[in-house]
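Colleague: From first to last, the protein sequence lines are chains A and B. Everything in the first sequence is counted per our numbering, starting at 1 for the first residue and increasing by one. Everything in the second sequence is counted per our numbering, starting at 50 for the first residue and increasing by one.
Since the hints were made in silico from the structure, they are not lab data. Please note that the accuracy of each hint is not assured.
To spell it out: a stretch of chain A is covered by chain B in this simulated footprint if at least three of its residues, at any positions, have a beta carbon under 8 Å from a beta carbon of chain B; those stretches are [to be verified]: (1) 7 to 15; (2) 20 to 27.
Which residues of chain B face chain A? A partial, calculated answer using Cβ under 8 Å [stated by the list, open to error]: (3) 97; (4) 105; (5) 151; (6) 159; (7) 207; (8) 227; (9) 275; (10) 282; (11) 283.
Treat the numbers as computed from the prediction; the structure is a model and nothing was measured. Note that the Cβ used here is the ideal one computed from N, Cα and C, for glycine as well.
The residues making up each chain are set out below.
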Amino acid sequence: MMELGRHGGFILASYTVTLVILGGFVWHSVRRYMQAKRRFGERLGPDNG
Amino acid sequence: MSDVLYTLANPQRFSRWADRLLPWLAGATLLALLIGQYGAWFVAPPDYQQGETIRIKYVHVPTAWMALFAWVMMSISALGTLIFRHPLADVAQKAAAPIGAAFCAVCLITGSLWGKPMWGTWWVWDARLTSMLVLLLMYFGVMALWRAIDDQGLAARAVSIVTLVGAINIPIIKFSVEWWNTLHQPASVLRLDGPTIHSSMLWPLLVMGVGAGLLFATLMVLRMRTELMERRLRRLALNAVQDNR
Numbered sequence: 001m002m003e004l005g006r007h008g009g010f011i012l013a014s015y016t017v018t019l020v021i022l023g024g025f026v027w028h029s030v031r032r033y034m035q036a037k038r039r040f041g042e043r044l045g046p047d048n049g
Numbered sequence: 050m051s052d053v054l055y056t057l058a059n060p061q062r063f064s065r066w067a068d069r070l071l072p073w074l075a076g077a078t079l080l081a082l083l084i085g086q087y088g089a090w091f092v093a094p095p096d097y098q099q100g101e102t103i104r105i106k107y108v109h110v111p112t113a114w115m116a117l118f119a120w121v122m123m124s125i126s127a128l129g130t131l132i133f134r135h136p137l138a139d140v141a142q143k144a145a146a147p148i149g150a151a152f153c154a155v156c157l158i159t160g161s162l163w164g165k166p167m168w169g170t171w172w173v174w175d176a177r178l179t180s181m182l183v184l185l186l187m188y189f190g191v192m193a194l195w196r197a198i199d200d201q202g203l204a205a206r207a208v209s210i211v212t213l214v215g216a217i218n219i220p221i222i223k224f225s226v227e228w229w230n231t232l233h234q235p236a237s238v239l240r241l242d243g244p245t246i247h248s249s250m251l252w253p254l255l256v257m258g259v260g261a262g263l264l265f266a267t268l269m270v271l272r273m274r275t276e277l278m279e280r281r282l283r284r285l286a287l288n289a290v291q292d293n294r
């Protein structure tokens with residue numbers, strides 16, 4: 001692993017924030033999609049999505 | 050192009066198309082982000098002034114591009130809603146707002162985390178930073194407006210007007226570093242006379258830009274598809290209530 005220097009904490013914090021916000025947003029979007037798809041399947045059958 | 054728009058104007062056709070496209074879009078996004086990150090960490094050299102802190106730019110800059118692009122996309126959709134009455138335009142607008150807000154928030158926070166070691170401060174009220182903060186607040190405003198109005202058609206028209214008025218902020222953000230004296234540096238990639246950064250730094254940045262664009266597209270299709278299903282479920286629930294009366 002490369003040496004990040006004295007500002008390594010800021011670099012790691014940036015990537016952590018990016019992963020948390022965008023990763024969390026992707027996770028939330030996929031979960032909502034799966035829930036809607038499941039409810040849709042229950043209501044109309046899996047072929048009517 | 051108009052044929053594609055006409056074909057996808059049917060929500061059911063769009064849904065079938067979206068289900069087929071989503072795995073490919075997600076795969077392409079992952080591949081582009083992995084290549085971009087490899088370039089950012091193992092190919093691009095440290096900057097002669099910023100040192101390793103330049104690595105932050107490989108997430109900060111692409112998220113800034115996408116934060117602006119999402120509003121442009123919302124503005125085009127707003128025209129689609131108000132003028133052409135395209136049945137998917139308001140669905141696209143509703144889907145794009147939280148995605149744009151997420152990209153904008155990442156851009157502001159990573160910018161602040163870069164600013165502290167490089168400028169010696171987390172934040173300055175210069176034109177670029179302030180106009181980006183205004184963009185984030187506008188995203189929150191649009192998202193709140195969608196929730197505040199029950200009638201989806203009325204909400205779509207209200208959001209469209211707010212979006213088109215708010216579009217004035219996009220050129221302000223882009224040219225703020227040229228129109229005013231700002232601490233934020235001027236553009237180094239999207240310039241008429243070409244990029245001013247070395248190719249070893251440029252290509253990872255551009256690949257990360259492509260990755261961010263693909264992530265935006267994936268999330269758009271995913272959230273539009275979800276919105277269409279939820280709207281149909283709401284309509285069915287409403288019809289069931291009316292039938293039972």
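Colleague: Would you list, in rising numerical order, the hints stated earlier that this structure does not obey?
Modeller: 3, 7, 8, 11
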